[in-house]
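Generate the whole structure from the sequences, applying the supplied hints.
As given, the protein sequences belong to chains P and G, one line each in that order. Heads up: the first sequence is residues 94 to 496, going by the numbering used here. Heads up: the second sequence is residues 94 to 496, going by the numbering used here.
Everything labelled a hint here was simulated from the structure, so no lab data went into it. Incorrect hints may appear among the rest.
Partner residues are not named here, just some residues of chain P that face chain G (Cβ under 7 Å, in silico) [unchecked claim]:
#	residue
1	Gly238
2	Asp240
3	Gly291
4	Val481
The list that follows gives simulated cross-link-like pairs (lysine-lysine, DSS-like), each with its CA atoms no further than 27 Å apart [as the list claims (entries may be wrong)]:
#	chain 1	residue 1	chain 2	residue 2
5	G	Lys236	P	Lys295
6	P	Lys423	G	Lys423
7	G	Lys236	P	Lys435
8	G	Lys271	P	Lys295
9	G	Lys380	G	Lys491
10	P	Lys434	G	Lys236
11	G	Lys380	P	Lys236
12	P	Lys236	G	Lys242
13	P	Lys416	G	Lys187
14	G	Lys242	P	Lys295
15	G	Lys242	P	Lys293
16	G	Lys187	P	Lys295
17	G	Lys423	P	Lys211
18	G	Lys236	P	Lys423
19	P	Lys242	G	Lys434
20	G	Lys108	P	Lys293
21	G	Lys423	P	Lys491
22	P	Lys236	G	Lys377
23	P	Lys166	P	Lys242
24	P	Lys377	G	Lys236
25	P	Lys187	G	Lys377
26	G	Lys416	P	Lys423
In this text, a Cβ means the ideal position worked out from N, Cα and C, and glycines have one as well.
Number of protein chains: 2
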Amino acid sequence: MKPLRSLISLEEASKRVDEAIHPLDGVEEVELDLSLNRVLAEDVVSPLDIPPYSRAAMDGYALIAEDTFQAGKFSPVSLECTDVIHAGQVPRTKVERGKCIQIATGAMLPEGADSVIKVENTDREGDKVLIFGPLYPSAHVSKQGEDVKSGATVLHQGDYLVPSRVGALAAIGRERVKVFARPRVTVIPTGDEVAPVGSKIKEGQVFDINSHTLYSILAENGCEPIIHPIVGDDIHSLTKVLEESMLNSDMIVMSGGSSAGDRDVLEDVVADLGEVIFHGVQIKPGKPTIFGRLGEVPIFGMPGYPTSCLTNGYIFLVDAVRKMARLPAKRYEVVEVPLGKKITAQLGRHMFLTVVIRDGQAFPVFKESGTITSMAYADGWIQIPPNVDLLDKGALVKVHIFQ
Amino acid sequence: MKPLRSLISLEEASKRVDEAIHPLDGVEEVELDLSLNRVLAEDVVSPLDIPPYSRAAMDGYALIAEDTFQAGKFSPVSLECTDVIHAGQVPRTKVERGKCIQIATGAMLPEGADSVIKVENTDREGDKVLIFGPLYPSAHVSKQGEDVKSGATVLHQGDYLVPSRVGALAAIGRERVKVFARPRVTVIPTGDEVAPVGSKIKEGQVFDINSHTLYSILAENGCEPIIHPIVGDDIHSLTKVLEESMLNSDMIVMSGGSSAGDRDVLEDVVADLGEVIFHGVQIKPGKPTIFGRLGEVPIFGMPGYPTSCLTNGYIFLVDAVRKMARLPAKRYEVVEVPLGKKITAQLGRHMFLTVVIRDGQAFPVFKESGTITSMAYADGWIQIPPNVDLLDKGALVKVHIFQ
Chain P
94 MKPLRSLISL EEASKRVDEA IHPLDGVEEV ELDLSLNRVL AEDVVSPLDI
144 PPYSRAAMDG YALIAEDTFQ AGKFSPVSLE CTDVIHAGQV PRTKVERGKC
194 IQIATGAMLP EGADSVIKVE NTDREGDKVL IFGPLYPSAH VSKQGEDVKS
244 GATVLHQGDY LVPSRVGALA AIGRERVKVF ARPRVTVIPT GDEVAPVGSK
294 IKEGQVFDIN SHTLYSILAE NGCEPIIHPI VGDDIHSLTK VLEESMLNSD
344 MIVMSGGSSA GDRDVLEDVV ADLGEVIFHG VQIKPGKPTI FGRLGEVPIF
394 GMPGYPTSCL TNGYIFLVDA VRKMARLPAK RYEVVEVPLG KKITAQLGRH
444 MFLTVVIRDG QAFPVFKESG TITSMAYADG WIQIPPNVDL LDKGALVKVH
494 IFQ
Chain G
94 MKPLRSLISL EEASKRVDEA IHPLDGVEEV ELDLSLNRVL AEDVVSPLDI
144 PPYSRAAMDG YALIAEDTFQ AGKFSPVSLE CTDVIHAGQV PRTKVERGKC
194 IQIATGAMLP EGADSVIKVE NTDREGDKVL IFGPLYPSAH VSKQGEDVKS
244 GATVLHQGDY LVPSRVGALA AIGRERVKVF ARPRVTVIPT GDEVAPVGSK
294 IKEGQVFDIN SHTLYSILAE NGCEPIIHPI VGDDIHSLTK VLEESMLNSD
344 MIVMSGGSSA GDRDVLEDVV ADLGEVIFHG VQIKPGKPTI FGRLGEVPIF
394 GMPGYPTSCL TNGYIFLVDA VRKMARLPAK RYEVVEVPLG KKITAQLGRH
444 MFLTVVIRDG QAFPVFKESG TITSMAYADG WIQIPPNVDL LDKGALVKVH
494 IFQ
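Here's what the structure looks like:
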């Protein structure tokens, strides 16, 4: 006798997944340019001042501000220009009272000088430079260390590396950086009727769709997915593959078994090797979703139907793996548009419907859980809460865009 | 004598970039799992019906609907169950009048049968199956080809491959797929003061920041960036490297030269080898941006200052390379929050300010164009149009989130 199986709500299911998932601690060192969209695993301390030396912020002349204090529009001060400093050069001479040195933006400020006058505000006559107004000390000078002091922490463990932060790492000369390792997620397709893509399909078989949908969702959410060869739905095969996979995976996602019998076999195997945390959620599609734990390794048993598996990926997997990977929550683009067609829903089930947006209206492309066209044509999905049984044409819906 | 240089508006600059940029035609074939986030370069036609055979949509019994027409709640019809079909199996026997075959979800419908009754709606006594209500023909059957007919176009050239579409390709068994090639963008850092990350910095030098910021922006917008070794700012070096790079790049992005002199050299070299389309835009930071064309290869001369180069990357580069790559427009997350601090802007310049969001308010982190902390800490950026010179504390601003 099997006990009565009661479904749990989407909220309860999400809560249980969240409780069972923990950020991973693995760390690896990667090249700077490969650190994009990774999560920093170290506090990054600057080994140098930035700027590393006081430098000109403008093209002009390095001088001593006090020499300009008497300058006026009709009574210019004249300074003698004694040298030129290009960016990258070390100044050869110092600036003395009554003198100045021509300097390029970014070039090192010569000794003696405390400010830079913009070239536009001067006139040049031979080696004489005329200055028509006073400057304050430090004018147009970026002082050594004014942005970052040597020893200061520039970025912190847990920072998400967007392009601007990769640039900040470059600024302090980092060629390699420690980031949190990506979760290794083993995707295990099951089912005797499933054949790998590229193979010659036999009568009674279908191609393995879910492994590739799941691979894609995992890859774009910071994981290192591995697709396992297809496994039979029997207890022996499932037990063997799970015992192996739990040793080298941070998470396992099973992707087959549409029939109730197959689901029960998977539930039994998970219960035997670990713990079933739930089996059955009040969502449509995706009701027969299994979630559990093999030791510390979370395991999902996704529905076999391709569209159920797809929306389930978005509902459960994205948040779960991003938490493991310590990534910020996924930001979906959500557009609000009117429905182009009436939708009848099912009370008591939280519905996820793939839709296409045409002429500013959302039309369901979901025909039944198994359909491929609904996956190929969909622009995104909408949700219908469990207490709504009808959405009229024209009702405003929020479309989560696939991107 | 140089002619008077007039700056152009951001709108005009964006328009000129858009006019000079064309989608690329290069095509490559990739493995299915590497096609994620690429753009399809072929119309994909299904070589098979989907479903490939008529199959059960539920666990139950395959039967002839007409046998159930007389069934009622209190006058069940009894059929003899003659066999079992699991998913992946080819049926061994056919269904005859008065008989049925047990069938699993997804399994091939046996010859003779035209419908499936759900197991929940039956009672089983030995090899007898009791049925308590009539079924219509085709009930719970997914008919061969009802989703996709062999020869139908499932996806079209230009479709952006999100996980659901990768799944659709798997459904028709595609192991490899033709996608548009990624734009090869050569990033050329220039400047005698610039040293590569990981090197020992010399006095008067700074690390090459911009190459890595640009690499990141390009990589996350569908390009194949290549960072060229650092090049001197002189005419001879620039001419040589551009003559070489224009032969094997779809776009060139120069990333240095903060000083007016360096910019003029670059402008001269671009004018000599091709055409300067603009030099100088009414934006802050990023005013001295150069855009041109070397034969068919677009070239950007980005400002040398790291934050200018960063915001310029978002302003010009993202749209340009996504158009070349045929990718959909970048979707930014934009949040509207009040300013935590008054900002004085400059009339006549379209401003881009990096900001951090703290306690639901946006605070500028932009100190000056050269600062690294502003890059490390920024959550995103705001724009201030050229006809606004003051934004009060509390004014609502739209923050484009770095992601």
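Cross-check of the supplied hints:
Below 7 Å, beta-carbon pairs count as interface contacts, and Gly238 of chain P has none with chain G, the closest being about 12 Å; its hint is therefore violated. The interface hint given for Asp240 of chain P is met, as the beta carbon of that residue sits about 5 Å from the closest beta carbon of chain G, less than 7 Å. The closest approach between the C-beta of Gly291 of chain P and any C-beta of chain G is roughly 3 Å, which is under the 7 Å cut-off, so the hint is satisfied. With 7 Å as the threshold, the beta carbon of Val481 of chain P stays out of range of chain G, its nearest partner Cβ sitting at about 24 Å, so the hint is violated.
Under the criterion of a C-alpha separation no larger than 27 Å, the hint pairing Lys236 of chain G with Lys295 of chain P is consistent with the structure, at around 17 Å. Between Lys423 of chain P and Lys423 of chain G the CA atoms are separated by roughly 15 Å; this keeps the pair inside 27 Å, and the hint holds. Between Lys236 of chain G and Lys435 of chain P the CA atoms are separated by roughly 25 Å; this keeps the pair inside 27 Å, and the hint holds. Between Lys271 of chain G and Lys295 of chain P the CA atoms are separated by roughly 26 Å; this keeps the pair inside 27 Å, and the hint holds.
In summary, the hint linking Lys380 of chain G to Lys491 of chain G is supported, as the alpha carbons are separated by about 22 Å, within the 27 Å threshold. Proximity of Lys434 of chain P to Lys236 of chain G is assessed by CA-CA distance (about 25 Å); at most 27 Å being required, the pair is judged to hold. The suggested pairing of Lys380 of chain G with Lys236 of chain P holds, with an alpha-carbon distance near 23 Å, which does not exceed 27 Å. Between Lys236 of chain P and Lys242 of chain G, the direct Cα distance comes to roughly 70 Å. Violation of the 27 Å bound is thereby established for this hinted pair.
Restraint check: the Cα-Cα separation between Lys416 of chain P and Lys187 of chain G comes to about 51 Å, which exceeds 27 Å; the hinted pair is violated. A threshold of 27 Å between alpha carbons decides the hint, and for Lys242 of chain G with Lys295 of chain P the separation of about 18 Å falls inside it, so the pair holds. Distance restraint check for Lys242 of chain G and Lys293 of chain P: the Cα-Cα separation of roughly 18 Å lies within the 27 Å cut-off, and the hinted pair is therefore satisfied. Between Lys187 of chain G and Lys295 of chain P the CA atoms are separated by roughly 19 Å; this keeps the pair inside 27 Å, and the hint holds.
This hinted pair does not check out: Lys423 of chain G and Lys211 of chain P have alpha carbons roughly 39 Å apart, beyond 27 Å. With a C-alpha separation of about 38 Å, the suggested pair Lys236 of chain G and Lys423 of chain P falls outside the 27 Å cut-off, and the hint is violated. With a CA separation close to 25 Å, the supplied pair Lys242 of chain P and Lys434 of chain G stays within the 27 Å bound. The straight-line distance between the Cα atoms of Lys108 of chain G and Lys293 of chain P is roughly 50 Å, outside the 27 Å bound, and the hint therefore fails.
Annotation: proposed proximity of Lys423 of chain G to Lys491 of chain P holds, straight-line Cα distance about 19 Å (limit 27 Å). In summary, the hint linking Lys236 of chain P to Lys377 of chain G is supported, as the alpha carbons are separated by about 22 Å, within the 27 Å threshold. Distance hint between Lys166 of chain P and Lys242 of chain P is unfulfilled; the C-alpha atoms sit about 39 Å from each other, more than 27 Å. Taken as a hint, the Lys377 of chain P and Lys236 of chain G pair is honoured in the structure, with Cα atoms around 22 Å apart against an allowance of 27 Å.
For the suggested pair Lys187 of chain P and Lys377 of chain G, the alpha carbons sit about 33 Å apart, so the restraint of at most 27 Å is broken. Between the alpha carbons of Lys416 of chain G and Lys423 of chain P the distance comes to roughly 25 Å, so the proposed pair stays at or under 27 Å and holds.
Hint violations for this structure: numbers 1, 4, 12, 13, 17, 18, 20, 23 and 25, all remaining hints satisfied.
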